[in-house]
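Visitor: Take a look at the letters that make up each chain.
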Amino acid sequence: TVMAAPMTNDQSWFYALALGVSFLKCLLINAYHSTDFEVHRNWLALTHSLPVSQWYYEATSEWTLDYPPLFAWFEYGLSHIACFFDKEMLVVPNLNYASPATVLFQRLSVIVADVVFFYAVKECCKCLREDKGKDLLGKPSFILTGLLLWNFGLLIVDHIHFQYNGFLFGVLLLSIARHCQNRHFEGAFLFSVLLNLKHIYLYIAPAYGIYLLRCFCFTQSNAVLVTLGTIVLSTFAVSFGPFIGQLPQVLSRLFPFKRGLCHAYWAPNIWALYNIADKAFSILGVKFRLLDINKLPKASMTGGLVQEFQHSVLPSVSPLATLVCTLLSILPALFKIWHRPNGARGFLRCLVICALGSFMFGWHVHEKAILMAILPLSLLAVDSRKDAGIFLMLSVTGHYSLFPLLFTTQELPIKIFLMLLFTIFSLASLKTLFRKGGALLNPLEVTYLLGLIPLELICEFVYPLTVWQKTFPFLPLMLTSVYCALGVTYAFIRLYNSLLTCSDTTKKTKMQ
Amino acid sequence: MENWSLFSLCVLLGLTSRWAVSFHSYSGAGKPPMFGDYEAQRHWQEVTYNLPVHEWYFNTTNNDLNYWGLDYPPLTAYHSLVCAYVAKLLNPEWVELHASRGYESHSHKLFMRATVLFTDILIYIPAVLLYCFYFCDGSSKQKVATALCILLYPGLILIDYGHFQYNSVSLGLALWGILGLGLGWDLFGSLAFTLALNYKQMELYHSLPFFCYLLGKCIKQGLTRRGFFQLAKISLTVLVTFALCWMPFLSDPKQPLQVLHRLFPFGRGLFEDKVANTWCSLNVLIKIKTLLSRETQLFLSFALTLLFILPSSLKLLSKPNLWQFKLALVNSSLAFFLFSFQVHEKSILLAAFYCTHLGFCLFLRLMFFLFVFFHSMLPLLVKDGLLLPYVVTSLAFLFLSLYLLSALERSTEEELRLGLYRKLTQRWLPKLNLSRIIKWKFWFSLVAMAVLSFTSVWLEPPAKFPDLFPVLVSILSFLHFLGFIIYFNLVQLMEPQRKKSQKKTN
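Same order as they appear, the protein sequences are chains A and B. Going by the numbering used here, the first sequence runs without a break in its numbering and finishes at 1106. Going by the numbering used here, the second sequence runs without a break in its numbering and finishes at 513.
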């Protein structure tokens, strides 16, 4: 039997890790789920009960369909299986319907959809440069599998908070793997499919665009370029085809710019630091009589995290300004891979920088978007020491910034245990992998990361017991957001540094 | 990866699965008027906080013993008192005398679950880690694998964090006792075990091996000189510990008697509910409960229990080493489970627990054994609404054990200690391949258990035998346990002492 010979099978550890994490996900079925659960239930209902022409017009529930058409088709497919669990969940007016069968079905659908992610991780392991290691626990493929399959952010966002990121990141990682294996058409196709599943991946579309153009523009014939274009355009055509008549409506649902600069909880990006600086200046200004308190916007002195945050001292930021900043931040990286493409590795680095740049400077960014930078960075982390150090900084900070997503007391031990689990695993395994060559993190970085512990204690244990909890309830969130923003910015700068110096070393060796 | 990181990963995995299981229902949730073990524990907090010590075990107007009266030794009562103090700080409504009966709320559930987690982290988990570190053979990887298996053992997780009990405290203290004895700290070991005994009287199941081991050791050291002093020191430690635990109850002679009366309710009959032991299974064929008088039942159970523990204890007395000690623990707990009075299904945990850490040598038997134990608790868990965690944790444990311990690959005849069976059967059936038979039997039993689990959950029993499935489950489990007790006794009595050179280190 298959079970009888686990030790001789080389890949059995992969299935053990995959099965293990699936069991953990099954145990979390009864955990807290956020409004995203209702969002997806609503989408199951409306794709099942309404004709296609109504999908993007339906507004009974406040959670309207705001993902591209392919995802709507995915929900439509799921709804046919949902019939067997509980027909009531497919009734659109049944707002906030969450029977045990509904919860079971939705959770299981996420767990099963993760199979795509498992396959993608397996493919990524094949792309690793060297996979030697006499000890299983020291093999790069084992470490990469652990870092991806047991990623803390993915676990809590997908299986507690409730989303389908595992499946989507599976498609992304598969596309990256295909590029690494020089199967560029498949990679491009997968990425187009991904864009039609969730448009947030537009953040990294520039990296794909520049890389593919660079690879095919000067090196291959025009026929290849035309094929590529056909693949991408036909994917979009198939996806948006049925909605061609309602395109403006679909686009308005996909890109709702009416929301504010920051989410209700500030994502740890540049704008969080910008907001805090603005608040600091206004407080100082009032103190030193440089500003008149009556002229300042009402809520800026005592208000905390609001969607429409009005800046009092520094200039206000518009969506156009954020777009310009984002483009400026990723342009150097794009230029770098245009002039000196470093193969798949350079592409991956540029992808991570695009994701992180968009996270740092984007409009109304969700803190969950940090995963788009952390997951691809794992691939780089098992290959080079410098990247491993950057990965550790970014992943620990980024994962910690996800803590406010799970604010219930019941989930507090789970998030702490899982965070420690992932952090210890990544630290110990990367340290073992790169044991020759000194420490991965310098003392300053270690101090910063250790500072997360008192931050957590203050925000979740000490602060709620103080007097200020009632008057300034937003303060812990603000502290978390700002502290993490520092780490994320630092990781961004270091990534850029590694991209620029990386190309320089190849130039040096060429000249020699 | 370094050892400390591997061990901490195991601990974190264990803690995560424990807390994740705690999200599910507990015993007696939403089932007035009596509710279940969860309400019993809450009630004990209420009683110990509001009433003076001399009223805890007595039937008074304030303390109705019919509604979950205290029936564990004093240490449980003190533990409940400490929890009650914390509860009072958080929300006094939880321990209001009389008014808090049947109190159920989300925050209260969190509090109760947190108390279990706290004692687990404090007592049980360090004991397991130290045990694996010091007493497991093999490479550090094997130690980590053993630690992971013990920490993820579904039985303890589901009973403590699902059904709701504090078994980790008594098991943890007993494990500290074993650790102490193993490291040669006899006084510490006896202290720990005495505390375990004073926490749950079911630890009596293991007291005879402890006694015989220590006595045997003292005898070996010479009863006239060092041995005698050692014995005196141990006895003094035990007596002082008992005295300290029972101090509030020693002022009045009626107190200890009443406590003992609560701890050992001989008036309740040979068994209650469906348990996988001899009496329940025998009852299917001949109705002993009604046939024999109360005294005869008591005598019969006492005699059979003694019959089954005596050989193993005597062997331990003559050869007091760790290996014999561990086997004696298993045999003693099995014997008590099968033949004792008023046994609950959860008591199987005690025998299962010691089997878990007998190590890699007997592993096919071991794992199978653990699984059977666990399976006999299925009816109880389904009643509590814990089917999902049961399925997930037992599947996870099964796959983990099979993967990490490669059970089936290493089941050579020597490993299974089947030498003696070989000798017995060689005469009549010389061509038998025993290890192959064992493997087939393992899969057959596994399939049978899976089928029974499935049917007991999803099929409706015929009207004439409404209890058909629980009874079938109990009988199947009982037959396995009977087989095991015979096997382990034979192993303990007939095998020569394992020499260090014979240990396989791979």
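Any given hint could turn out to be false.
[Stated by the list, open to error] Only pairs whose alpha carbons sit at most 16 Å apart, straight line, appear in this in silico EDC-like list of lysine to aspartate or glutamate:
(1) A:K1025 x B:E9
(2) B:K148 x A:D630
(3) B:K240 x B:D193
(4) B:K390 x B:E302
Please keep in mind that the hints were generated in silico from the structure rather than gathered at the bench.
Visitor: None of the hints should be skipped; say for each whether it holds.
Guide: Checked hints:
Using a Cα cut-off of 16 Å, the hinted pair A:K1025 and B:E9 holds, with the two alpha carbons roughly 10 Å apart. The hinted pair formed by B:K148 and A:D630 fails the criterion: a straight-line CA distance of about 41 Å is larger than 16 Å. For the hint pairing B:K240 with B:D193, the CA-to-CA distance comes to about 9 Å; that is within 16 Å, so the pair holds. About 33 Å separates the Cα atoms of B:K390 and B:E302, which puts this hinted pair outside 16 Å; it is violated.
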